[in-house]
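Chains as they are written, first to last, in the working numbering: chain H, 1 to 95; chain S, 1 to 396.
Do not rely on the hints blindly, as some may be mistaken.
[Unchecked claim] Short derived list, chain S residues pointing at chain H, Cβ under 7 Å:
no. : residue
1   : Glu-24
2   : Ile-27
3   : Asn-28
4   : Leu-29
5   : Leu-31
6   : Ile-37
7   : Trp-38
8   : Tyr-41
9   : Thr-42
Hints were generated in silico from the structure; no laboratory data involved. Note that this is a predicted model, so its numbers are computed, not measured. Built from N, CA and C at the ideal position, the CB exists for glycine as well.
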Amino acid sequence: MARRQRLQTGVRKLMTDVLELPKDLVLNLPRITMVGNIQLTIENHRGVILYSDRRIRVAVSRGEFIIEGQKLTLRSILPDAIIIDGTITGISYIG
Amino acid sequence: MFLNRIFALFVGYLIIHFRGEWVERFINLCLQSGIPIWDIYTTKNGTVVGKTSIEGFKQMRPVARRSGVRVRILKRRGLPFILSRLWQRTAFVCGALLFITSLYILGSIVWFVEVRGNEQVATSTILQAAAELGLKPGVWRKRLIAGQLSRSLAIKVPELSWVGVEVKGSCAVIEVVEKKIVVVEPKPIGHVIASKAGVIQKIVASTGKSMVKVGDNVEQGQILISGAFTVDDDAEIRYVHAEGIAEASVWYEASATSARERLARRRTGRTATSEVLVFGDKEIVIAGPQQPPFPLYEVDCQSLPLLWRSLGAPVEHMRRTYFEVEEEWEQVSLEVAQAEAAELAHALAVMQLPSDATMLASSFETQILSDNNTVQVRAIIEAIEPIGEFMPLIEE
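Generate the whole structure from the sequences, applying the supplied hints.
See below:
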């Protein structure tokens, strides 16, 4: 099962490399957009793991994002995107 | 995003307060159940606050119970809540409505009536006429039909030739143009009399009765067209302002003389020129003779303006040319003398003609006077001219 999934991912990765298709759509990966350090949009998320005004953890398809900053607010939460406002000081990805 | 917020304002939203261990779990569950939730932030004392719709709040209860989060409404925002609050303040709403309606009603009433353009007719006369037709302060604007009103106002006030009514806001402006009334004075009764003696050539009476015929000899002051006459057998005398055309032949004469032997002047051909500078009334001769060099002379003065850049100098330059003349007796023929005298006499006679006269014929009478030297010519001009002159008949 795991082997098959790995094979599938390999094929898809190859396809995106060869055909230059957007990787986030084909590989079902999160896409992060930042506006300076005041706004951050995460598309293709899997929910919020932790929320406080200093640290937000957002689950994605293979791992999670940790966003650190001050006065962080969840401006909007939609099934496919999260918009975070505030002063962002750090982003890390844990795979 | 922005539109969503505007929409939320219209349908109303709630600011809620989450308290519990698993706020994240609650948020995820909301996401999965499709409950809208936004603007989540942490307050200073550590509680999490968010916004949701009214519908979403109702759906939130089972989710909250499952995640062990207690939800409390902090504030209600949006139009439905504002309206419900307004509904409780009936007096305020009534006042606002009353204000708006009274503003509308006051705005649709004509408060002022103004008259423009009248000079002779008094403003109060026009205002009174307008009030009788229904245009006065306090009437409804919608009741006024400007076109109809201006027409009937022009009929009602006969001194006005044009009336324009215009309603500008709460002020009605009546613009008028006055008639220019020409006062016709009754013409005085009287006759048309002859201003000169002559022979009538044309007589047409437009009013009155003509008393003379074409070819009649009239004296000065004779009645040509009578203003007091009787018609047929009617004994009653009718008095009118006599009027008509009366033209007559009038003769003008003048005489002039001319001598056959006379002193004639002739230029000898000798000339002298002097250049003179004139300052006001002083003269300085700068070239040529100071005094006329000939005993008998004719002089020709020519003024030469001294100009410097279109500025006239106060000094005038004059050139005087003297021509020497000599006199001698000469004898002209009878015909020449006669022609000269005739020309002069004719010119003198023409000068007597009034401007409205037409010259018909002229004749000359020549007479050689007893000294056998002088010719006298009399010019007689026949002219046709209007001689009618009105003379008022003074009644008792």
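Discussion item. Restraint: Asn-28 (chain S) near chain H, CB-CB cut 7 Å. Satisfied or not?
Written reply: holds (4 Å)
Fill in: Interface hint compliance - Thr-42 (chain S) to chain H, C-beta minimum distance less than 7 Å
holds (4 Å)
Discussion item. Next item in the hint list is Ile-37 (chain S). Is there a CB on chain H closer than 7 Å to its CB?
Written reply: Interface hint status for Ile-37 (chain S): holds (6 Å vs cutoff 7 Å).
Worksheet item: Hint check: is the beta carbon of Trp-38 (chain S) less than 7 Å from a beta carbon of chain H?
Response: holds (5 Å)
Worksheet item: Measuring from the C-beta of Leu-29 (chain S) to each C-beta in chain H, is the shortest one below 7 Å?
Response: violated (9 Å)
Worksheet item: Going by Cβ atoms only, is Glu-24 (chain S) closer than 7 Å to chain H?
Response: holds (5 Å)
Worksheet item: Hint check: is the beta carbon of Ile-27 (chain S) less than 7 Å from a beta carbon of chain H?
Response: holds (5 Å)
Worksheet entry | chain H contact restraint on Leu-31 (chain S) - CB to CB distance below 7 Å | holds (6 Å)
Fill in: Evaluation of the interface hint that places Tyr-41 (chain S) against chain H, nearest CB under 7 Å
holds (4 Å)
This entry does not satisfy hint 4, going by the numbered hints stated previously; all others are met.
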